[in-house]
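Protein chains: 2
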Amino acid sequence: MKEDQARKRVVVEAVTPEIDGGLFPIKRVVGEKVQVEADILVDGHDLLSSVLLYRKEEEKEWSAAVMEPLVNDRWRGFFRVTEIGNYIYTLRAWVDRFKTWRRDLEKRITAGQEVSMNVRMGMQLIEDAIPRCKHEVAKILRQKADQIRGEKNMEKKIALALEEDLAELMSLHAERRFITSYDKELKVIVDREKARFSAWYEMFPRSCADNAGNHGTIKDCEARLPYIAEMGFDVLYLPPIHPIGITHRKGKNNSPEAGPKDPGSPWAIGSDEGGHKSIHPQLGNLQDFQRLLQKARAHGIEMALDLAFQCSPDHPYVKEHPHWFRHRPDGTVQYAENPPKKYEDIYPINFETDQGQELFAELKSVVLFWIEQGVRIFRVDNPHTKPFRFWEWLLAEVKRDYPEVIFLSEAFTRPKVMYRLAKLGFTQSYTYFAWRNTKWEITQYFSELIQSQVREFFRPNLWLNTPDILTEYLQMGGRPAFMARVVLAATLGASYGIYGPAFELCEDRAKEYGSEEYLDSEKYEIRRWNLDDSRSLKEFIARVNRVRRENQALQSDWSLRFHPVENEHLLCYTKNTDDQSNIVLTVVNLDPHHTHGGWLQVPAEELGLEPGQPFQVHDLLSNARFLWHGPRNYVELNPRICPAYVFRLRRRVRTERDFDYFM
Amino acid sequence: MKEDQARKRVVVEAVTPEIDGGLFPIKRVVGEKVQVEADILVDGHDLLSSVLLYRKEEEKEWSAAVMEPLVNDRWRGFFRVTEIGNYIYTLRAWVDRFKTWRRDLEKRITAGQEVSMNVRMGMQLIEDAIPRCKHEVAKILRQKADQIRGEKNMEKKIALALEEDLAELMSLHAERRFITSYDKELKVIVDREKARFSAWYEMFPRSCADNAGNHGTIKDCEARLPYIAEMGFDVLYLPPIHPIGITHRKGKNNSPEAGPKDPGSPWAIGSDEGGHKSIHPQLGNLQDFQRLLQKARAHGIEMALDLAFQCSPDHPYVKEHPHWFRHRPDGTVQYAENPPKKYEDIYPINFETDQGQELFAELKSVVLFWIEQGVRIFRVDNPHTKPFRFWEWLLAEVKRDYPEVIFLSEAFTRPKVMYRLAKLGFTQSYTYFAWRNTKWEITQYFSELIQSQVREFFRPNLWLNTPDILTEYLQMGGRPAFMARVVLAATLGASYGIYGPAFELCEDRAKEYGSEEYLDSEKYEIRRWNLDDSRSLKEFIARVNRVRRENQALQSDWSLRFHPVENEHLLCYTKNTDDQSNIVLTVVNLDPHHTHGGWLQVPAEELGLEPGQPFQVHDLLSNARFLWHGPRNYVELNPRICPAYVFRLRRRVRTERDFDYFM
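The listed protein sequences correspond, in order, to chains A and B.
So the number in our numbering is just where the residue sits in the first sequence, counting from 1, plus 163.
So the number in our numbering is just where the residue sits in the second sequence, counting from 1, plus 163.
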């Protein structure tokens, strides 16, 4: 061992956030804080100093933030990310001799000891510092040293030596020869704000035609934009818009034989008319698509496309790149299956092909093609059936040049696989939310997502339904179930999504009892929806989305806290901004069939509410206002009227007649 | 990215045990298991196989143990360490094509599908395997393939293809081209058994003289050996036996001025008569010491020496190596201090010296010197005041050639520093046990030590007292307090220690109220102890240590579990062997002043006791036997008789008249 190694006496360990030993980045959006903690230790009794260093990945110069000690050798500091892209952070720590000397001198003086020798030792530390400082600082230190030396009165001498500004200067210019650098540089992926806060609407373009029986077009989608914008969604996601295969095309309700007019599943991508870079001719062309992008933007809506890396048997790749597919002993291409289920209208891509380089380049070119059209959001179909390393590579490649791109991972699979995909770089992820219905289930699941380290890399996007998923809760609970669930999704999650118009029209008919498939699923046929149906929740959803936009507390997830209610059917939680200027308390009746009431416990003090003073709760859904006294309050919810309260809490400002809502 | 990287589809993560991302080794003793778990993931639906690889550090060939899947993508395997030294372990995992194919074939058959094509695909997998197998195996596979191909009857053909032995062969010889190797090789330090199970006795040799006023010698220690052996201790630790400095020598009760006859503190090491490699002339010489080592061994006792790397002002190092010390502006050497406290009889070594290389070599030579005399256990004084990297280097250097050496870390300092020292290689560590007296304190502390990852690297040695520490509990509680504490230490900890004869003679006089210092401390004067005092706990301690030797459950820590008792003064816990053939249930009355009784809850089923059947509890301290029915039982302890039960639980073997204690 080199002796200098032993002179690096400080140890930095147990750094948070740090994902899998630094193997994966954490995620933030522009403007957010990165709060870093570490255990920082040294032998003996010396005092330490530590800084958090950070920079944009492509820059060379570090910025520094001071780390402050907490308790039990734990330290904390933070920085704010201000630009999209990647940031790097790490730590430095060192024995701070002057700080130690100063503390000890104070102790000696308190104990009434003679300290002239100790003052001389402090002088020596200042003298030692001078050569390593820039001219300006060296000059000041020289003056200080002379001043202390010149002072004859011991009390005044000591007072000079203990001056705060001297201590600060000395700390800034401490001996760094044996500084400890934390052995890892950790990464932050910084996304734009939509990565954190977004409301998604999924819709089949082919069902958008005005006239019954017609195949909807991209142009028809334009006409639908005001409707979507009025509901308050800001991302419009379209299932694949590419040509659909003929061979083994599926018929209505997933029947193995398609009728002559059946349009097939949009996920059976590719035909003579093209593949992943083409638009299905019945939908329109690239010009139509670009126009839709522009029109959507004008409505505050961003388009998201589907990346489904699989092919119909008629996809051009099948002929042009047979090696990208598995072949069976009889020479035919292996179709998709999950034995004993077969999906003969789909050929999965064989990512273990010997021609991986070409394959990867082509798939990347698909993403770049749509980026060139103006798309910046992709919903990725079944990423868990493609190799992890492929995604790690692809997402890094794309985000290097287009850091503003958002990828949503549609992996409904085992939890650790979902987390792994998020770690590899997916911006947002589908969750199990659709199947979490009871108080216990929701509390457990969101504690895992939002109160554990998972939140550093996994951004939940809470989907209420999808073309594949009509949950039992929605099938059984009627309109109140749809209302309760949309409030939950929109307030538990800063990002959520619905598949419409099925959702807002409360479509609850499943293909059969025990199935989560929709009856007459749009995956296999064109549907016409009556958007003006009296059951429609469009206005309710519009209100919910407006509440989200107007309350910053609902625009991020980390502040989520659950609170006790004495009724198993009532769920209560708050979100708040860091400065507690916006606090939203939501109560949802999870039972869509019966009225429930119960006493809930608001942690008033934690939320910055003055103890013993009344506070106002303002239900942003009904506009009702209540005056609550103390933490314990009664609520009651009739699901047939509205199954939820979304209260804004307003604290007392000066007197009981002077709440801030008067202002 | 190389395409082959993407073909390594399997991911191995969240491996346990793994300390700080593999930066530090775990610890075991010979014969113990290393149970390894990992999350092992792959995209899609393929089945995996995984092996745990392990080897002695100096060997090249890996041994392999099969990893078995648990739930939620978690896998587990284990190996046993059989020799002292270092072991290495890591993991491999791969997509197992044949296993996947076999599972899918079974599913298809269950679903009644036509499978001839699938059988052909399985045949292909066998054919592909042949070229990568050794001749013998290749021959068998060839035969199997021919046999399957030759069989005309499809049912029989399938049965052949699904044969277990074929599956095993194919798994053993699976395609390893795209195998995933876990990216870390993790280390195990394997110690001898005493590292885990030891009973220490600390004693000042100079107080061992037969005649009052005489300075005890190493020879006198010999005479004390039968006494120590009868009490059942197997490590005898002596404070420093080196020459003691004269300058600033401390007098009785730590007075700054020593009288002419005061012997000084043994930790003020070094004088004209020598330093760390010398023996204090009044104690004897090296021959005496070697004789003591031999005699001790004959009594089943191993000697432990103190490594206190610090010097008196008269130590030869001070003249010979002035650069190993800090100097004050007036040219004097800086004495030890923790402002405002001063320790002028001690010069700390300056580990930041420019001459670190020489210093380190010299300190290592001190350890080797005593190893050459036959010492294999060192108690290290205040390791937390020397650099971490020094210990990391020293312990590795010594253990490379002498892996049987045991180092006990005497660091009473902040918890993370204590853990760091253990990670760096200390075999055992002092703990906060002496100050943990209430049920809550003990339960919390031992849960941290024994039920968390801490147990992988930190082996607690529970000291009841030391020459510096006479706890308030012992000062106030009288003889019952000493009895309760020794039972706690000896049954909670597989390793524990006492400083005697102060402990067994229930010495409870502190220097002053509020101090933990002994009155008339042996650190500063020679004491004479009446070993035959009627208060002596020597027989009680002998019984406790016999119980430890006779009950394997008490010889390791990991099985420790606390159980509820409905009385805050009663603490109840069990330890058991892995096979549950030995189960010890201890109940201690923590209140040394009053009798307490309460209902306790024995987790009978967890401990392998037949539910609904009576079981015998045999108090190994009093030899009383009770028959208990069911998990809930009443106990009562009068501290003036005995403050503890140490029950051996004996399960029913056949009938209620046929317990195993009849055998």
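Each hint should be verified, as a subset may be incorrect.
Identical chains blur together in the list; that is why a pair holds if it fits in one copy or across any two.
[Unchecked claim] Dumping the calculated SDA-like pairs for lysine to any residue here, alpha-carbon to alpha-carbon at most 20 Å:
# : residue 1 : residue 2
1 : K262      : R491
2 : K347      : D183
3 : K504      : I605
4 : K602      : N377
Calculated directly from the structure, the hints in this document are not laboratory data.
Hint numbers not upheld by this structure, sorted from lowest to highest = Violated hints: 3 and 4; rest satisfied.
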